[in-house]
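Trainee: Sequence:
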Amino acid sequence: VPTVSPKKTLEGLVGGVATTTCLAWLIAPHLTPLITWQAPVAGLIIGFAGFAGDVTISALKRDLGVKDSGTLIPGHGGILDRVDSLTFTAPLFFHYLYYLHY
1 VPTVSPKKTL EGLVGGVATT TCLAWLIAPH LTPLITWQAP VAGLIIGFAG
51 FAGDVTISAL KRDLGVKDSG TLIPGHGGIL DRVDSLTFTA PLFFHYLYYL
101 HY
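In this note's numbering, the protein residues as written are 1 to 102.
Hints may contain errors.
[To be verified] Listed below are the simulated PhoX-like cross-link pairs for lysine-lysine, each with C-alpha atoms no more than 20 Å apart in a straight line:
(1) K8 x K67
(2) K7 x K61
(3) K61 x K8
[Stated by the list, open to error] Quick list of simulated restraints, FRET-style, between CB atoms:
(4) T3 x T32: 35 to 41 Å
(5) L31 x P91: 14 to 20 Å
(6) I27 x D63: 33 to 39 Å
(7) F94 x P29: 16 to 22 Å
(8) P91 x G15: 35 to 41 Å
(9) L44 x T9: 17 to 23 Å
(10) R62 x P91: 19 to 25 Å
(11) G15 x I79: 34 to 40 Å
(12) K67 x V41: 34 to 40 Å
(13) G12 x I35: 27 to 33 Å
(14) L31 x L64: 16 to 22 Å
Hints listed in this document are in silico derivations from the structure and should not be mistaken for laboratory results. In this text, a Cβ means the ideal position worked out from N, Cα and C, and glycines have one as well.
My request is simple: use the sequences and hints to build the entire structure.
Mentor: In structure tokens, the structure reads:
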């Protein structure tokens with residue numbers, strides 16, 4: 001990870017996953033059909049998948065020699081930097097929800 005995205009740290013990953021898990025446990029039962037024990041599992045999935053998506057897109061950009069993926073949002077690295085964590089998060093959350101409730 002340090003060679004792909006040098007500003008990513010283990011502390012950031014742990015903090016992000018812990019925060020996402022806690023927020024999912026608190027909020028998901030009110031916004032989704034998830035029950036209390038399913039919500040933190042969804043939070044763990046979202047936290048790790050978001051990190052994986054972010055690192056994957058960073059690796060692709062680095063491999064292609066591209067610093068920013070666009071100029072739509074100046075100073076923010078482009079549109080991919082806004083949605084890179086959704087690369088794995090959205091499909092995994094959809095399938096988790098679909099598997100449990102539909």
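Trainee: Compare the structure with each hint and give your call.
Mentor: Hint check results:
1. K8 x K67: Measuring from Cα to Cα gives roughly 16 Å; hence the hint holds.
2. K7 x K61: Holds - the C-alpha atoms of K61 and K7 are around 15 Å apart, at most 20 Å.
3. K61 x K8: holds (15 Å)
4. T3 x T32: 35 to 41 Å: holds (37 Å)
5. L31 x P91: 14 to 20 Å: holds (19 Å)
6. I27 x D63: 33 to 39 Å: holds (36 Å)
7. F94 x P29: 16 to 22 Å: holds (18 Å)
8. P91 x G15: 35 to 41 Å: violated (24 Å)
9. L44 x T9: 17 to 23 Å: Taking Cβ atoms as reference, L44 and T9 lie about 19 Å apart, which means the hint holds.
10. R62 x P91: 19 to 25 Å: holds (23 Å)
11. G15 x I79: 34 to 40 Å: Violated, at about 25 Å.
12. K67 x V41: 34 to 40 Å: holds (36 Å)
13. G12 x I35: 27 to 33 Å: Between G12 and I35, where Cβ atoms are some 30 Å apart, the hint holds.
14. L31 x L64: 16 to 22 Å: Violated: the Cβ-Cβ distance is about 37 Å, outside 16 to 22 Å.
In summary, the structure is inconsistent with hints 8, 11, 14 from the numbered list given earlier, while agreeing with the others.
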